[in-house]
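Trainee: Given next are the chains, with one letter for each unit.
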Amino acid sequence: DAQNAFKVRISIKTALGDNAYAWDANEEYLFKAMVAFAMRRYSSKSTTQISNVLLCNVTDRVSFWFVVTDSSKNVTTVPGSEVEAAIRMNRNRINNAFLLSDKTLQFLKITSTLSPPVEPSTPVWLIVFGVVLCLIVVGILFLVVSGIQKHKKKNKESTERENLEEKVEVTLENGIPCEALDLKAGHINGVFGADDERFTSL
Amino acid sequence: LSAAPEVSKEDGRPKWDNKFQYILSCIGFAVGLGNVWRFPYLCQIHGGGAFLIPYFIALVFEGIPLLHLELALGQYLRKGSVGAWNTISPYLGGIGVAMWMVSALVSFYYNTVLTWVMWYFLNSFQEPLPWSVCPLNENRTGFNEECYESTAVNYFWYRKTLNITPDIAETGTLQWWLVLCLASCWAFVYLCTIRGIETTGKAIYVTAIFPYLVLTIFLIQGLTLPGATEGLIYLFTPNLNTLKNPRVWLDAATQIFFSLSLAFGGLIAFASYNPTKNDCEKDAVTVAIVNSMTSLYASIPVFSVLGFKATTAYWDCLDRNIINIINEFDLPEESIMRQNYTSWISVLNSSYPEKIAGLKLKSCDLHEFLDQSVSGTGLAFIVFTQAIILMPGSQAWAILFFIMLFSLGLSSMFGNIEGVFTPLLELQIIRRSAPKELLSGIICLISFLIALCFTLGSGSYWIDVFDRYAGSVPLLVIAFFEVIGVAYVYKIKRFSKDVEWMTGRKLSLYWQVTWRFISPLLLLIVFMAFVTLQMQKPPSYTAWNPKYEGFPMKEEKVYPPWVQAICVLLAAFPCVCVPLVALFHLVKQKCRSKGPSFVPPEVFCQGTNS
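Chains P and R, in that order, give the protein sequences.
Under the numbering used here, residue 202 is the last one in the first sequence; the count climbs by one each step, no gaps.
Under the numbering used here, residue 1610 is the last one in the second sequence; the count climbs by one each step, no gaps.
These aren't lab readings, by the way, just hints derived from the structure by calculation.
All of these numbers come straight from a predicted model, not from anything done at the bench.
One thing to keep in mind: the hints can contain errors.
[Said to hold, decoys possible] To give an idea of the interface, some chain R residues facing chain P are shown, with a C-beta separation under 8 Å as derived from the structure:
{"no.": "1", "residue": "1122"}
{"no.": "2", "residue": "1126"}
{"no.": "3", "residue": "1330"}
{"no.": "4", "residue": "1331"}
{"no.": "5", "residue": "1333"}
{"no.": "6", "residue": "1337"}
{"no.": "7", "residue": "1540"}
[Unchecked claim] DSS-like, lysine-lysine: derived pairs with alpha carbons at most 27 Å apart:
{"no.": "8", "chain 1": "R", "residue 1": "1360", "chain 2": "P", "residue 2": "7"}
{"no.": "9", "chain 1": "R", "residue 1": "1015", "chain 2": "P", "residue 2": "156"}
{"no.": "10", "chain 1": "P", "residue 1": "7", "chain 2": "R", "residue 2": "1362"}
{"no.": "11", "chain 1": "R", "residue 1": "1355", "chain 2": "P", "residue 2": "7"}
Just so it is clear, CB atoms sit at the ideal spot from N, CA and C, and this is done for glycine as well.
Could you put the whole structure together from the sequences, leaning on the hints where they help?
Mentor: Okay, structure coming up:
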């Protein structure tokens, strides 16, 4: 019989904490009802009764063993594979009836299929990456463009300054550029003051 | 008329907007990832608070003197590393070249570490965090095997991030997600260094100050976590016996040296943009002390989080044992709590010893969990990420943590890039009229292309190789020649006069003694000890191999001969530049002396070159 019997382990306090309910005969009745419901749904025949589900060895843990008997076939137990399949199909309903989960209402020997994690169509990190990259590219473009503009302004300024210097340099004295005058050859008339007073200082 | 004579003296050299920018840049360069993930580890394994004794001794006799030397050098000569050493003596020009080379090599792989940080940052916006759950296997009956046997955090790091190969010889393929992150990291570095210190000077305000903010937030949060105080007490309690081990002193000396980012040339470049009449002595002491204080300050949240993680691991261990016992003996729930666990165990062991033995309970010892020490990338990407999962509001903590790591690394990258950029700018590799943006763009592009090697499957093994060989031994050699060069070739008397002119006061005896004798001696001892320790066993590495019997332990492997040859090349190439350039100049001098009629035009140009 051990082959068709299943051990169940329930951890109510772990799941519900302060809202934990006590495990008593009423809960056992509900459990039997849920297993019978599962068998009925699975095999679609309405022969399984609550009395077909037998619990034994209930401990303080809370844990117990149960078997499902088949009243139509002389007090034999329903094969374990059928029970397993039935429980698997209705696991969610059974869990919810007791406000528990797969981990806190354990059917030892029956593994549960794990739900896949939700995966969005585009990974989130790509979206964030796109945002970050756009910001960086905008920043670079801004700096490069402002650099080019500054460069152009500096070039314009330097050419303007060159023009200005040319104008200053080519001061004429009686139509002759000053550099052409050979000041050494001539005689400096001290009356007219020092040379540099001729030009206004900038 | 116009200020023509002054313009040529100013020579259009860029300068810092203000002194604070300069100090912040130096601090940002010195304060890097090592302050967060190497110093706390060293404190932990070398007797907690006792480690501070050799650390501060090394700071006083090695760190501060060398730092002052570099800053004074750059400030007085107003040139990058290559130009500065050429000015001191053409025979010592090799030191500058070696510095430039080391800066380049380190830039290549350092940004790849930032790539990993960026990848984790991008993944921190998900709920739940991707490193907290294992993915399912194909038929959805259980978890992915590799993930199940190690942990979800390990799996995310080794498989989802690195996609690591089991051996360094297996290169694997380029990981496209890492290539994308690498491209954006280099674009970010380009954005910040586009015009040299004009742009990094603005960026440094954020990247240098932000980590302190985040560290403070983590400090406050860390101290509120359960188990934090136990962690802090255990990890900081000094164990003076460890000081007998010479390894501790060596680690302290190397930590100070690498932590201050000496011998990279970046500090010389930063100081060269200063006005000459600047108190470099005070700057050096300030930067060194701030760097060390930051290391200490960073250890507090790190130890708090480690203590928290150890405590939760201990509680998990206890809980697992309790569940096993309760299930085995069918005891009611919550009959055994963590507090009365030990008494229950002794009772049950006396009455049912075989059953207890059959359960194979793990012994849970809090100190054992606290002793698990990790440094480097393991600390950030495995241990810390695991701790972050356990904190409430994990996304926010993860985002903050990774932005902080990114800023820490970025401000160090500025220094590295500056160490490469400034000498190239002075050597006038490109025409004067071409914009600076072009040169920095070329540097970033070439570095990106070379760094693509590190995004291969075996990339992280190569980064370890570069870190251990290119970023360690050459720096010690360069620093040694630096001190010897200034103290005995340039002569301390001349140098102290220069420093006096800059700072306005006489050099104290402390600097004279350390520059002349103590620092070179210390560097020599550290170098010898370091090399001896490396040579003691064949260079090996630990590989992540899912097919290894001891998995999830990492497999210890020896580097194949061709990799060992590359290691030697990486370490020797920068060092060899120093004698090579000296030899080159010696040969040139001999040729010149043989033919007196041949006078090279450079002789005339040297005087006008500012």
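Trainee: For every hint, state whether the structure bears it out.
Mentor: Against the structure, the hints come out as follows:
1. 1122: Where the cut-off is 8 Å and the nearest Cβ of chain P is about 4 Å from residue 1122 of chain R, the hint holds.
2. 1126: Constraint on residue 1126 of chain R satisfied, holds at 5 Å.
3. 1330: holds (4 Å)
4. 1331: holds (6 Å)
5. 1333: Check passed: Cβ of residue 1333 of chain R comes within 4 Å of chain P, closer than 8 Å.
6. 1337: Violated - the Cβ of residue 1337 of chain R stays beyond 8 Å from chain P, reaching only about 12 Å at its closest.
7. 1540: violated (34 Å)
8. R:1360 x P:7: Answer holds: residue 1360 of chain R to residue 7 of chain P is near 22 Å, not above 27 Å.
9. R:1015 x P:156: Between residue 1015 of chain R and residue 156 of chain P the Cα gap is close to 24 Å, so the pair holds against 27 Å.
10. P:7 x R:1362: Status holds; Cα separation ~26 Å.
11. R:1355 x P:7: Holds - the C-alpha atoms of residue 7 of chain P and residue 1355 of chain R are around 19 Å apart, at most 27 Å.
Of the hints listed earlier, those the structure fails to meet are numbers 6, 7, in rising order.
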